[in-house]
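Going line by line, the protein sequences match chains Y and X. Start counting at 1 in the first sequence, then tack on 376, and there's your number in my numbering. Start counting at 1 in the second sequence, then tack on 50, and there's your number in my numbering.
Keep in mind the hints are simulated off the structure, nothing from the lab. Don't take each hint at face value.
What the hints assert, rightly or not - Pulled from the structure, derived: some chain X residues nowhere near chain Y, Cβ distances all over 12 Å:
1) Asp109
2) Ser110
3) Glu190
4) Lys202
5) Glu229
6) Asp258
7) Trp274
8) Tyr286
9) Arg300
As the list claims (entries may be wrong) - Label pairs and their in silico Cβ distance ranges:
10) Lys203(X) / Ser518(Y): 45 to 55 Å
11) Arg197(X) / Ala398(Y): 52 to 62 Å
12) Glu190(X) / Phe552(Y): 28 to 38 Å
13) Arg551(Y) / Glu142(X): 46 to 56 Å
14) Glu142(X) / Ser518(Y): 43 to 53 Å
15) Thr103(X) / Ser518(Y): 16 to 26 Å
16) Pro447(Y) / Lys203(X): 55 to 65 Å
17) Arg145(X) / Tyr682(Y): 33 to 43 Å
18) Pro634(Y) / Glu142(X): 42 to 52 Å
19) Arg570(Y) / Lys281(X): 45 to 55 Å
20) Ser518(Y) / Lys113(X): 36 to 46 Å
21) Gly445(Y) / Asn290(X): 51 to 61 Å
22) Ser130(X) / Phe488(Y): 38 to 48 Å
23) Asn282(X) / Arg570(Y): 23 to 33 Å
As the list claims (entries may be wrong) - Stretch-level coverage of chain Y by chain X, calculated; a stretch enters the list once three of its residues show a Cβ under 8 Å from a Cβ in chain X:
24) 416-426
25) 546-556
26) 624-634
A virtual CB, placed ideally from N, CA and C, is assigned to each residue, including glycine.
Chain residues, written in single-letter form:
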Amino acid sequence: MGLRNWRKYLNKVVLLVLILIAGILFELFTGPGEFTGEIMQLRILRVSLGIFAGGVLAFSGGILQGLFGNPLVEPYTLGSASGAALGASIGIVLLGYANPAFSFLGSLMVGFLVLTIARIESGLLRDRLILTGVVMSFLCSSLVMLIMIGGKRELYEIIYLLMGYLGIVFTPERRFIFLLISILSLFIMLYLYRFHREFDIISTGVETATSLGIDIQMFSIKVFILTTLLVSFIVSLVGAIGFVGLVIPHSSRMLFGPRHIKNLVGSFFLGSAFVLLADAMARNLVVYELPTGIITSLIGVPFFIYLYRFK
Amino acid sequence: MKWRFTIPILILSFLFCERSVPRQGFRVVSLSPAMTEVIFAIGGADYLVGVTTYCDYPDSAKKIYKVGDFSNPSVERILSLKPDLVIVNIPEQRRIKEQLEKYGIRTFSTSPKSIDDIYKDIINIGRILKKEEGADSLVEYMKANIRDLGRKKRKTYIEICAQPLITIGRYSYLNELIEMAGGENIFGDLEKDYPVINQEQVIMRNPDIIIVLHPEEIEGRLGWGRISAIKNKKVYKNLNQDWLMRPGPRLVLGFKELEKIFE
Numbered sequence: 377m378g379l380r381n382w383r384k385y386l387n388k389v390v391l392l393v394l395i396l397i398a399g400i401l402f403e404l405f406t407g408p409g410e411f412t413g414e415i416m417q418l419r420i421l422r423v424s425l426g427i428f429a430g431g432v433l434a435f436s437g438g439i440l441q442g443l444f445g446n447p448l449v450e451p452y453t454l455g456s457a458s459g460a461a462l463g464a465s466i467g468i469v470l471l472g473y474a475n476p477a478f479s480f481l482g483s484l485m486v487g488f489l490v491l492t493i494a495r496i497e498s499g500l501l502r503d504r505l506i507l508t509g510v511v512m513s514f515l516c517s518s519l520v521m522l523i524m525i526g527g528k529r530e531l532y533e534i535i536y537l538l539m540g541y542l543g544i545v546f547t548p549e550r551r552f553i554f555l556l557i558s559i560l561s562l563f564i565m566l567y568l569y570r571f572h573r574e575f576d577i578i579s580t581g582v583e584t585a586t587s588l589g590i591d592i593q594m595f596s597i598k599v600f601i602l603t604t605l606l607v608s609f610i611v612s613l614v615g616a617i618g619f620v621g622l623v624i625p626h627s628s629r630m631l632f633g634p635r636h637i638k639n640l641v642g643s644f645f646l647g648s649a650f651v652l653l654a655d656a657m658a659r660n661l662v663v664y665e666l667p668t669g670i671i672t673s674l675i676g677v678p679f680f681i682y683l684y685r686f687k
Numbered sequence: 051m052k053w054r055f056t057i058p059i060l061i062l063s064f065l066f067c068e069r070s071v072p073r074q075g076f077r078v079v080s081l082s083p084a085m086t087e088v089i090f091a092i093g094g095a096d097y098l099v100g101v102t103t104y105c106d107y108p109d110s111a112k113k114i115y116k117v118g119d120f121s122n123p124s125v126e127r128i129l130s131l132k133p134d135l136v137i138v139n140i141p142e143q144r145r146i147k148e149q150l151e152k153y154g155i156r157t158f159s160t161s162p163k164s165i166d167d168i169y170k171d172i173i174n175i176g177r178i179l180k181k182e183e184g185a186d187s188l189v190e191y192m193k194a195n196i197r198d199l200g201r202k203k204r205k206t207y208i209e210i211c212a213q214p215l216i217t218i219g220r221y222s223y224l225n226e227l228i229e230m231a232g233g234e235n236i237f238g239d240l241e242k243d244y245p246v247i248n249q250e251q252v253i254m255r256n257p258d259i260i261i262v263l264h265p266e267e268i269e270g271r272l273g274w275g276r277i278s279a280i281k282n283k284k285v286y287k288n289l290n291q292d293w294l295m296r297p298g299p300r301l302v303l304g305f306k307e308l309e310k311i312f313e
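Isolated chain Y (complex conformation) (with noise of 0.2 Å):
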């Protein structure tokens, strides 16, 4: 890499770190309250849900898109967002309000399915896993809408849930909850990095990749429950924030090369500092609180046609 290169990518690096800056600051100064410590408590708690959840979702997206070499794929496509919309649904009917466990069981184990389904048949894992997960998100929306046809007010946590939202109230159950799994999700997701090259060599061909000594199968399997697991912690917790896992990777791409080493890294700091920007602004547009998803693709849409158009 030549001397001009280097200051280039230095570039995208120092503008991506300033855009990161601009969200937490943004998050953090901005809102209704004043500045006593409990609302700071809650804002710095805020800001750390943000980076975690955009940055989870952007690298989950962006090691699937390299997995299955389509870029169509997100982390919801495999079913995750709607099964824990279904067990968060159940558990609304059970408990009487949304509950994290019932969210993340009802995630996990339509991903199981997803998987037990996807190797029924033999042939190639990874294409079956992307139709099975579809089939299964929509199956798990019609058996939310029968759940939840007739309510009033468990349609607002269920609308809240789909599109995420990250103003959750802490319980000291949800407090534990987020502390455990930010921590599990680092770790998986250094384990995940760890594979860069592999990701690398698949998305040049499933041939290469085989000829290359990878199993692919194999690969896959371990790929897709770790990344399912991913997802599950972040919609149990703030719900399904849409678009960060299907664009984000790309805008990554875009701007660091098809290099996983360095894409990944990219997806998972540009993610926070997107979802960071639009619950900011989802905050303060208005003077009710928006769900956090629905900013993300209405700012997201133009960001990227940007991108795409000037990169």
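Given the coordinates of chain Y, work out where chain X should sit on it, guided by the hints.
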């Protein structure tokens, strides 16, 4: 000889009696659980031919033919009942209302934003069902029991839903009910009926009393410890939601509960 006259007279008088009941055979479908309760209370239950699965009070309402649930009543089922009047909630059932009106069915819209609106709805439905006396006495009863107690207003926060936080704004009749009972809704300035709010706003507005209308625990929330209602253990749960969330006769019971809270 006597009987020859009496029997036709009896028959005739029965016929006239039948005619003098003005709403004989009038068929009403109620898609509003609150209005179902109102119709029962004013003595119009015989006219009800269809209700929703949410209409569970009084007990005999459960036996009436169900046309669907609150959000998705079946237009086909409603039409098959050949109703003369369908009671709809606005805005939730606007789509149903439009469809029914296309078939030429008369609808009665209810969307109370204040206590007065509730009374107006009761009087109007009483007039339509020719049960004015029942409606008047129901309104009298409610007015006698739900009245401004003239107490010192205490800052109150009502939580309807925890994730996201949903409370009551100015355009909910509950806002007025709280004020009459001796509270001041801390979100009474928001021009909406059920706004989604930020927890920072709750902490800043620091309510003295918190009323929770959902089953989730609220003690132990991060950052909420400074709120005086939580410090002084003025958090009220286990209220009967239907008493407060249904703008019907049982609002009186809900008001009595609020009265106790603000004592």
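Problem set entry | Structure versus earlier hints, numbers of those that do not hold, lowest first | 7, 12, 13, 14, 20, 23 and 26
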